[in-house]
Amino acid sequence: MDSEVQSELQDTNKKQKKKMKNEKIRKKLNQEAVEKSVVKESENPNTQPETSFPPTFSVSEIKNKQRRHFMFTKYKQEKRKEKLTLKKKRKKERETLGDAAPPKPVPKTIENQRIYDETTVDPEDEEVAFDEGTDEFSAYFNKLTNPKVLITTSDRPRGRTVRFCEQLATVIPNAHVYYRRGLALKMVIPQCIARDFTFLMVINEDRKVPNGLVLCHLPDGPTAHFKVSSVRLRKEMKRRGKDPTEHSPEVILNNFTTRLGHSIGRVFAALFPHDPQFVGRQVATFHNQRDFIFFRFHRYIFKNEKRVGIQELGPRFTLKLRSLQKGTFDSKFGEYEWVHKRHEMDSRRRKFHL
Amino acid sequence: MTGKSQVCSVWVGSETGILKGVSLAKKQAFNFCELNSLSRDQEVCVLCWGDAQETEVLVGCANGAVKTFSTEKGIFTGSRQCGDSTQAKFTGLAVTDSSLVTCVESGLMKIWKEGSTDTVEINAGGSVCRMRQNPSQLHHVATGGKQNPVKVWDLERPDTPIFAAKNVRNDWLDLRVPEWVRDLAFLPDSEKIVTCTGHHQVRVYDPASPQRRPVIEAQFGEYPLTALSLPSTPGSVVVGNTQGQVAVLDLRKGLVRGCLKGLAGAVRGLQCHPSLPLVASCGLDRFLRVHSLEDRTLQHKVYLKSRLNCVLLSSRDLEACPPEADAEQEVKEEDGAGDEVWDTMETVMEKNKKRRIDEKADSVGKKTSTKRRKAVKK
Numbered sequence: 001m002d003s004e005v006q007s008e009l010q011d012t013n014k015k016q017k018k019k020m021k022n023e024k025i026r027k028k029l030n031q032e033a034v035e036k037s038v039v040k041e042s043e044n045p046n047t048q049p050e051t052s053f054p055p056t057f058s059v060s061e062i063k064n065k066q067r068r069h070f071m072f073t074k075y076k077q078e079k080r081k082e083k084l085t086l087k088k089k090r091k092k093e094r095e096t097l098g099d100a101a102p103p104k105p106v107p108k109t110i111e112n113q114r115i116y117d118e119t120t121v122d123p124e125d126e127e128v129a130f131d132e133g134t135d136e137f138s139a140y141f142n143k144l145t146n147p148k149v150l151i152t153t154s155d156r157p158r159g160r161t162v163r164f165c166e167q168l169a170t171v172i173p174n175a176h177v178y179y180r181r182g183l184a185l186k187m188v189i190p191q192c193i194a195r196d197f198t199f200l201m202v203i204n205e206d207r208k209v210p211n212g213l214v215l216c217h218l219p220d221g222p223t224a225h226f227k228v229s230s231v232r233l234r235k236e237m238k239r240r241g242k243d244p245t246e247h248s249p250e251v252i253l254n255n256f257t258t259r260l261g262h263s264i265g266r267v268f269a270a271l272f273p274h275d276p277q278f279v280g281r282q283v284a285t286f287h288n289q290r291d292f293i294f295f296r297f298h299r300y301i302f303k304n305e306k307r308v309g310i311q312e313l314g315p316r317f318t319l320k321l322r323s324l325q326k327g328t329f330d331s332k333f334g335e336y337e338w339v340h341k342r343h344e345m346d347s348r349r350r351k352f353h354l
Numbered sequence: 001m002t003g004k005s006q007v008c009s010v011w012v013g014s015e016t017g018i019l020k021g022v023s024l025a026k027k028q029a030f031n032f033c034e035l036n037s038l039s040r041d042q043e044v045c046v047l048c049w050g051d052a053q054e055t056e057v058l059v060g061c062a063n064g065a066v067k068t069f070s071t072e073k074g075i076f077t078g079s080r081q082c083g084d085s086t087q088a089k090f091t092g093l094a095v096t097d098s099s100l101v102t103c104v105e106s107g108l109m110k111i112w113k114e115g116s117t118d119t120v121e122i123n124a125g126g127s128v129c130r131m132r133q134n135p136s137q138l139h140h141v142a143t144g145g146k147q148n149p150v151k152v153w154d155l156e157r158p159d160t161p162i163f164a165a166k167n168v169r170n171d172w173l174d175l176r177v178p179e180w181v182r183d184l185a186f187l188p189d190s191e192k193i194v195t196c197t198g199h200h201q202v203r204v205y206d207p208a209s210p211q212r213r214p215v216i217e218a219q220f221g222e223y224p225l226t227a228l229s230l231p232s233t234p235g236s237v238v239v240g241n242t243q244g245q246v247a248v249l250d251l252r253k254g255l256v257r258g259c260l261k262g263l264a265g266a267v268r269g270l271q272c273h274p275s276l277p278l279v280a281s282c283g284l285d286r287f288l289r290v291h292s293l294e295d296r297t298l299q300h301k302v303y304l305k306s307r308l309n310c311v312l313l314s315s316r317d318l319e320a321c322p323p324e325a326d327a328e329q330e331v332k333e334e335d336g337a338g339d340e341v342w343d344t345m346e347t348v349m350e351k352n353k354k355r356r357i358d359e360k361a362d363s364v365g366k367k368t369s370t371k372r373r374k375a376v377k378k
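Protein chains in written order, with full-length UniProt numbering: chain F, 1 to 354; chain Z, 1 to 378.
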């Protein structure tokens with residue numbers, strides 16, 4: 001017992017010493033500050049701001065505009081100086097403490113403050129595993145089918161949409177671009193199934209700008225509808241590499257954690273062939289952040305054992321899920337698995353669905 | 001397992017073939033099946049109560065089997081093959097005094113007498129979407145489907161329907177209006193039938209009147225209505241559509257009384273509580289939701305991991321703790337135990353008193369000494 005107490009005492013002594021040190025530093029700083037303040041205003045010699053209340057004063061009470069402006073800038077400068085000194089002080093303290101310094105506080109972002117989603121998939125969950133193992137994509141993931149994608153547009157595409165389609169076709173292996181010819185999607189789908197297509201991709205445009213994407217898995221769904229924004233074609237990109245080769249790329253799916261996210265991730269995964277050809281060194285990335293899906297297409301190279309260089313090949317675009325529908329495209333009579341309802345779902349900024 | 005099933009007050013059938021029981025009081029959900037023998041052809045299509053005491057749940061699977069689940073034992077007690085997997089899925093299941101009525105999508109309605117293998121078959125026309133039983137007259141059932149108007153059948157005279165609805169008049173272009181009954185229900189204490197259609201109409205038919213066309217027609221939204229249910233208070237109906245919009249409609253004028261918010265995907269099953277103002281909904285978004293019909297707020301929300309097809313509520317209070325029997329038994333045991341119980345109780349009281357005194361001692365200094373002495377004396 002005694003020894004423990006002693007050790008504790010020692011500890012406290014140490015702490016006190018430290019405190020003393022800190023206090024010394026603080027006192028020095030204080031003195032400096034005091035000296036400055038004394039120079040500035042000689043009313044407060046005791047340096048006891050707690051006991052004496054200075055008369056309240058605010059810059060906004062000054063009636064002269066010029067004077068008020070001047071005082072305000074001065075006030076701002078002082079505040080900035082204070083902030084900088086505090087920052088410096090903290091940095092100094094951190095350096096003096098060395099390894100014993102407390103860890104830096106992690107900044108709050110709306111992603112790490114995310115409201116917990118109860119549908120987050122547990123990889124060991126048998127029921128979800130069974131559900132995913134027997135869904136519409138099971139044929140692809142059991143390597144029974146090879147993807148074959150038909151890319152088309154809304155009727156009479158113009159401008160960027162046409163080039164966007166062509167560039168998408170170079171990203172996705174085994175993709176065929178067809179002119180829409182004013183055909184209804186419900187007529188196109190049976191023909192696609194007859195020709196063994198596994199995906200139908202329709203790019204919608206508004207005033208020559210692509211703004212929508214319908215991804216319909218064939219033969220029996222599901223259909224996902226996305227909003228497309230910030231499309232950057234190859235020509236508009238800086239520091240891009242040479243045109244992509246015909247090797248099938250690797251696919252990276254980031255942050256698809258919830259049950260809905262899993263379904264969407266499976267849709268993207270099923271667009272690409274099973275075995276990537278690593279010779280091509282090409283990667284297609286679908287990165288989900290705050291329910292926005294960012295698409296990037298890169299070529300990588302291992303410079304040495306530690307460093308990797310990447311080169312963007314383009315195009316790049318951003319997707320946002322609008323709805324996921326069961327079955328093939330049928331916007332009138334189809335049953336929706338998930339619909340984005342802005343006024344109901346977007347009431348909280350920290351709630352994400354993918 | 002038995003305890004689990006007795007606690008559950010809501011039963012949900014899923015697309016993966018799992019029967020799920022949910023206890024809203026304990027906020028727990030249980031799966032009643034073996035996870036290793038799962039398959040998609042056991043998909044639960046319909047659920048209904050097997051008896052009036054609600055001790056049995058009948059589960060209609062997509063492969064044509066009707067399983068009996070005992071809520072007391074918590075296991076499947078029987079299975080009966082009421083069709084082949086080649087035939088279409090079940091659209092309705094009903095129990096009369098001594099027989100089981102099944103209906104499949106192809107329109108074949110069968111009456112299975114207990115203890116005999118021969119069945120009575122009724123052809124209700126092609127592509128039936130729903131068959132429902134009249135809760136006040138158990139031998140009356142109604143069917144309806146795509147291009148198949150509402151028909152009411154008397155199971156004792158299965159040759160002809162006792163009521164067959166007529167399609168509404170042609171539209172202003174003199175074209176036939178398509179029919180697509182997705183769900184129907186009998187209004188209590190009358191012969192009237194409410195239907196909801198794939199063309200977002202809600203219609204009321206009255207077999208008692210000479211008119212075979214709908215008496216009231218209302219519209220809700222622009223998407224197909226998939227499910228409907230009647231609350232305990234008359235005069236309204238709850239409908240849900242393929243986008244997860246659920247609304248309470250007034251049956252007097254066909255206006256929307258209010259919408260139930262919070263659903264993300266298509267509604268597959270809706271059921272109102274028989275006595276309380278509650279409605280349970282389930283669907284493709286994998287959630288079971290219970291809304292209050294009084295202020296239309298969301299009361300409960302349970303994630304059930306699979307797409308859900310149908311929901312069944314028990315008629316008791318959903319949030320009350322059901323295992324009262326167990327509690328009573330425990331009390332009786334305590335009575336029988338005798339002296340020991342009393343001894344322990346005394347000690348507990350003393351301890352409590354001391355604790356209280358100690359707490360007081362912290363706050364009030366002087367009084368404690370006397371009180372402590374008293375406690376010691378006791």
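The set of hints was computed from the structure by calculation and includes no laboratory data. It is possible that some hints are incorrect.
Claimed, not checked - List time: in silico SDA-like cross-link candidates among lysine to any residue, alpha-carbon distance up to 25 Å:
id, chain 1, residue 1, chain 2, residue 2
1, F, Lys341, F, Val283
2, Z, Lys67, F, Glu126
3, F, Lys332, Z, Arg80
4, Z, Lys146, F, Phe333
5, F, Lys332, Z, Lys27
6, Z, Lys301, F, His287
7, F, Lys332, Z, Glu217
8, Z, Lys27, F, Thr285
Now the hints, each set against the structure:
Between F:Lys341 and F:Val283 the CA atoms are separated by roughly 33 Å; this puts the pair beyond 25 Å, and the hint is violated. Distance restraint check for Z:Lys67 and F:Glu126: the Cα-Cα separation of roughly 23 Å lies within the 25 Å cut-off, and the hinted pair is therefore satisfied. The hinted pair formed by F:Lys332 and Z:Arg80 fails the criterion: a straight-line CA distance of about 38 Å is larger than 25 Å. With a C-alpha separation of about 13 Å, the suggested pairing of Z:Lys146 with F:Phe333 holds against the 25 Å cut-off.
For the given pair, F:Lys332 sits about 36 Å from Z:Lys27 by alpha-carbon distance, which is inconsistent with the 25 Å threshold. In summary, the hint linking Z:Lys301 to F:His287 is not supported, as the alpha carbons are separated by about 30 Å, beyond the 25 Å threshold. With a C-alpha separation of about 21 Å, the suggested pair F:Lys332 and Z:Glu217 falls inside the 25 Å cut-off, and the hint holds. Straight-line distance between C-alpha atoms of Z:Lys27 and F:Thr285 comes to about 39 Å, which puts the hinted pair past the 25 Å bound.
Checked against the numbered hints above, the structure violates hints 1, 3, 5, 6 and 8; every other hint is satisfied.
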